[in-house]
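Peer 1: Read top to bottom, the protein sequences are chains Y and P.
Under this note's numbering, the first residue of the first sequence is numbered 1, with each subsequent residue one higher.
Under this note's numbering, the first residue of the second sequence is numbered 228, with each subsequent residue one higher.
Simulated from the structure, these hints should not be mistaken for laboratory data.
Values in this document were obtained by computation on a predicted structure and should not be read as measured data.
Take these hints with a grain of salt, some might be off.
To be verified - Simulated coverage check for chain Y against chain P, where a stretch passes if three residues somewhere in it have a Cβ under 8 angstroms from a Cβ of chain P:
1) 73 to 85
2) 90 to 99
3) 188 to 200
As the list claims (entries may be wrong) - Pairs of lysine to any residue residues, derived as SDA-like cross-links and limited to a Cα-Cα distance of at most 25 angstroms, are as follows:
4) Y:Lys223 with P:Ala306
5) P:Lys297 with Y:Arg163
6) P:Lys357 with Y:Arg163
7) Y:Lys178 with P:Asp454
8) P:Lys357 with Y:Glu51
9) Y:Lys223 with P:Met291
10) Y:Lys124 with P:Asp334
11) Y:Lys223 with P:Lys273
12) Y:Lys178 with P:His351
13) P:Lys297 with Y:Glu51
14) Y:Lys56 with P:Glu294
15) P:Lys273 with Y:Lys178
16) Y:Lys73 with P:Asn289
17) Y:Lys124 with P:Asp425
18) Y:Lys178 with P:Leu237
19) Y:Lys56 with P:Ser426
20) Y:Lys124 with P:Gln433
21) Y:Lys73 with P:Arg457
22) P:Lys231 with Y:Lys56
23) P:Lys273 with P:His375
24) P:Lys308 with Y:Arg163
25) Y:Lys3 with P:Leu237
26) P:Lys290 with Y:Lys178
27) P:Lys437 with Y:Ser224
28) P:Lys273 with Y:Lys3
29) Y:Lys124 with P:Ser426
Glycine included, every Cβ here is placed at the ideal spot set by N, Cα and C.
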Amino acid sequence: MNKKSSYISIVLITMILGVMLAIQFRTNQYLDQGVTADRAQEMVAELSRLESDNRKFDRDIDDLTYKLEQARKGQTQARDAITDELEKAKMSAGLTSVTGPGIEVVLDNPDSTGIFIRDEYLLKIANELKGAGAEAISVNGQRLIATSEIRLAGSFININLDRTEPPFQILAIGNQEKLKSSLEISGGLVDYFRELGIAVKIQTPSSVTIPGYIKDLQYDYAKSVKG
Amino acid sequence: MRIKPFHLALALVGLVLGLLLSVQFRVTRDTVKFPQVHRVNTMADKINDARTERDSKQEQINKMREELDKLAAGAALGALKEELVDARIESGLTGVSGPGIEVTLNDSNLEVTNGGNPNWYVLHDEDILKVLNELRAAGAEAMAINNHRILATSEVRCTGPTILINRNQRIAPPFVIAAIGNQDTLINSLKMRNGVIDSLEPWGIQVSLKKVSRVEIPPFPGSISFDYARPVAEGQQ
Numbered sequence: 001m002n003k004k005s006s007y008i009s010i011v012l013i014t015m016i017l018g019v020m021l022a023i024q025f026r027t028n029q030y031l032d033q034g035v036t037a038d039r040a041q042e043m044v045a046e047l048s049r050l051e052s053d054n055r056k057f058d059r060d061i062d063d064l065t066y067k068l069e070q071a072r073k074g075q076t077q078a079r080d081a082i083t084d085e086l087e088k089a090k091m092s093a094g095l096t097s098v099t100g101p102g103i104e105v106v107l108d109n110p111d112s113t114g115i116f117i118r119d120e121y122l123l124k125i126a127n128e129l130k131g132a133g134a135e136a137i138s139v140n141g142q143r144l145i146a147t148s149e150i151r152l153a154g155s156f157i158n159i160n161l162d163r164t165e166p167p168f169q170i171l172a173i174g175n176q177e178k179l180k181s182s183l184e185i186s187g188g189l190v191d192y193f194r195e196l197g198i199a200v201k202i203q204t205p206s207s208v209t210i211p212g213y214i215k216d217l218q219y220d221y222a223k224s225v226k227g
Numbered sequence: 228m229r230i231k232p233f234h235l236a237l238a239l240v241g242l243v244l245g246l247l248l249s250v251q252f253r254v255t256r257d258t259v260k261f262p263q264v265h266r267v268n269t270m271a272d273k274i275n276d277a278r279t280e281r282d283s284k285q286e287q288i289n290k291m292r293e294e295l296d297k298l299a300a301g302a303a304l305g306a307l308k309e310e311l312v313d314a315r316i317e318s319g320l321t322g323v324s325g326p327g328i329e330v331t332l333n334d335s336n337l338e339v340t341n342g343g344n345p346n347w348y349v350l351h352d353e354d355i356l357k358v359l360n361e362l363r364a365a366g367a368e369a370m371a372i373n374n375h376r377i378l379a380t381s382e383v384r385c386t387g388p389t390i391l392i393n394r395n396q397r398i399a400p401p402f403v404i405a406a407i408g409n410q411d412t413l414i415n416s417l418k419m420r421n422g423v424i425d426s427l428e429p430w431g432i433q434v435s436l437k438k439v440s441r442v443e444i445p446p447f448p449g450s451i452s453f454d455y456a457r458p459v460a461e462g463q464q
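Build out the structure end to end from the sequences listed, making use of the hints.
Peer 2: Encoded structure:
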């Protein structure tokens with residue numbers, strides 16, 4: 001074997017070795033950022049949420065395009081367009097009465113000497129129902145909106161600054177199965193309330209009507225930000 | 228032929244090459260077994276694309292709404308417009324700004340004592356719920372937690388060290404709750420004797436309050452849609 005060819009073969013082998021090392025290194029890097037199933041699942045959820053938002057936005061854009069076209073035609077059409085936009089905003093804000101399949105939960109003291117039903121319990125029920133995808137919730141006829149409080153005031157509970165007392169009737173519209181199981185899950189709120197001695201009744205009427213928020217909205221501090 | 232040191236070197240290189248090959252083969256095979264590793268990168272790209280798309284659509288929608296509002300400039304529409312602005316603020320569809328406060332909540336800095344339940348020393352969804360509720364009772368006009376707007380349907384749920392909000396979006400401590408409203412009323416509502424802060428203190432949960440002259444609260448970055456609820460026709464109630 002002459003010297004020249006042996007050098008060439010060594011150069012070749014080292015080159016291959018180098019490339020392989022590089023590949024190996026990269027593969028290992030990928031493995032290091034290994035992804036747990038939880039994270040992957042979260043990413044899938046995030047993506048599907050964004051995709052669904054995008055589909056809804058497309059509908060909003062179509063809707064607004066149509067309204068703009070109409071509004072340019074004249075004052076009457078503009079009025080209609082704005083009125084429709086207002087109806088949508090009111091619906092989103094919880095100012096409109098709504099109806100749909102849902103759940104009715106009634107909490108009561110079995111007798112007047114029974115356990116005191118705390119504001120916290122109502123907060124928790126509402127929160128659980130929201131988590132289960134409730135689209136509208138009311139407690140004793142008071143619609144819960146973004147600024148609604150549920151708060152002990154003396155011996156009453158104030159909701160939207162309105163006094164209420166037991167029995168508390170909570171209505172929610174949404175997927176009935178999900179709403180029901182969110183409360184009835186073992187070790188969940190219903191179990192907890194019953195343990196405390198609160199009478200809990202749950203029904204799933206095929207149609208529930210929930211009133212809109214009836215007071216006037218007033219903003220003294222918050223100003224809407226453009227665009 | 229005599230064995231030269233150069234042959235030994237060759238043999239060594241061959242050996243290393245073989246080893247590398249087999250390791251490489253196994254690693255590659257394992258990688259294929261975990262499709263997530265491959266998919267994560269494309270997933271992340273897809274998510275970023277979808278988010279960019281959403282943000283640009285959101286911007287387009289905001290502009291269209293503004294344009295529509297301008298078209299409705301006539302005197303007869305003035306009242307309608309005002310009502311619309313208020314409804315949009317309440318629904319969380321528009322971003323808002325104004326004077327308010329920031330409440331920062333963080334897990335306890337106390338050491339768990341022997342026999343103590345570590346769970347007592349971390350923040351719970353309930354604690355956050357209570358703070359939000361107090362602020363509402365004190366007249367908060369708009370709120371956000373870690374920049375997620377609080378809607379009528381916003382839930383706050385515990386999952387281990389993180390909290391889920393607004394359709395399962397995960398946020399981690401510290402939790403910063405921003406609220407617009409009367410600063411003194413808001414702060415006093417939390418500082419009240421036997422109030423929320425008093426109830427968290429024994430566990431060393433860190434609460435700090437700050438007045439902010441201009442709190443920025445983002446809109447809900449999505450469309451609010453109803454799959455089950457239908458508006459009740461007027462006069463039908």
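Peer 1: It remains to establish, for every hint, whether it holds in the given structure.
Peer 2: Quick rundown of the hints versus the structure:
| no. | hint | verdict |
| --- | --- | --- |
| 1 | 73 to 85 | holds (count 7) |
| 2 | 90 to 99 | holds (count 10) |
| 3 | 188 to 200 | violated (count 0) |
| 4 | Y:Lys223 with P:Ala306 | holds (17 angstroms) |
| 5 | P:Lys297 with Y:Arg163 | violated (41 angstroms) |
| 6 | P:Lys357 with Y:Arg163 | holds (19 angstroms) |
| 7 | Y:Lys178 with P:Asp454 | holds (14 angstroms) |
| 8 | P:Lys357 with Y:Glu51 | violated (33 angstroms) |
| 9 | Y:Lys223 with P:Met291 | holds (19 angstroms) |
| 10 | Y:Lys124 with P:Asp334 | holds (21 angstroms) |
| 11 | Y:Lys223 with P:Lys273 | violated (35 angstroms) |
| 12 | Y:Lys178 with P:His351 | holds (23 angstroms) |
| 13 | P:Lys297 with Y:Glu51 | violated (31 angstroms) |
| 14 | Y:Lys56 with P:Glu294 | holds (20 angstroms) |
| 15 | P:Lys273 with Y:Lys178 | violated (30 angstroms) |
| 16 | Y:Lys73 with P:Asn289 | holds (21 angstroms) |
| 17 | Y:Lys124 with P:Asp425 | holds (20 angstroms) |
| 18 | Y:Lys178 with P:Leu237 | violated (69 angstroms) |
| 19 | Y:Lys56 with P:Ser426 | violated (42 angstroms) |
| 20 | Y:Lys124 with P:Gln433 | holds (23 angstroms) |
| 21 | Y:Lys73 with P:Arg457 | violated (30 angstroms) |
| 22 | P:Lys231 with Y:Lys56 | violated (75 angstroms) |
| 23 | P:Lys273 with P:His375 | holds (22 angstroms) |
| 24 | P:Lys308 with Y:Arg163 | violated (32 angstroms) |
| 25 | Y:Lys3 with P:Leu237 | holds (14 angstroms) |
| 26 | P:Lys290 with Y:Lys178 | violated (37 angstroms) |
| 27 | P:Lys437 with Y:Ser224 | holds (22 angstroms) |
| 28 | P:Lys273 with Y:Lys3 | violated (55 angstroms) |
| 29 | Y:Lys124 with P:Ser426 | holds (17 angstroms) |
Checked against the numbered hints given earlier, this structure breaks hints 3, 5, 8, 11, 13, 15, 18, 19, 21, 22, 24, 26, 28; the rest are met.
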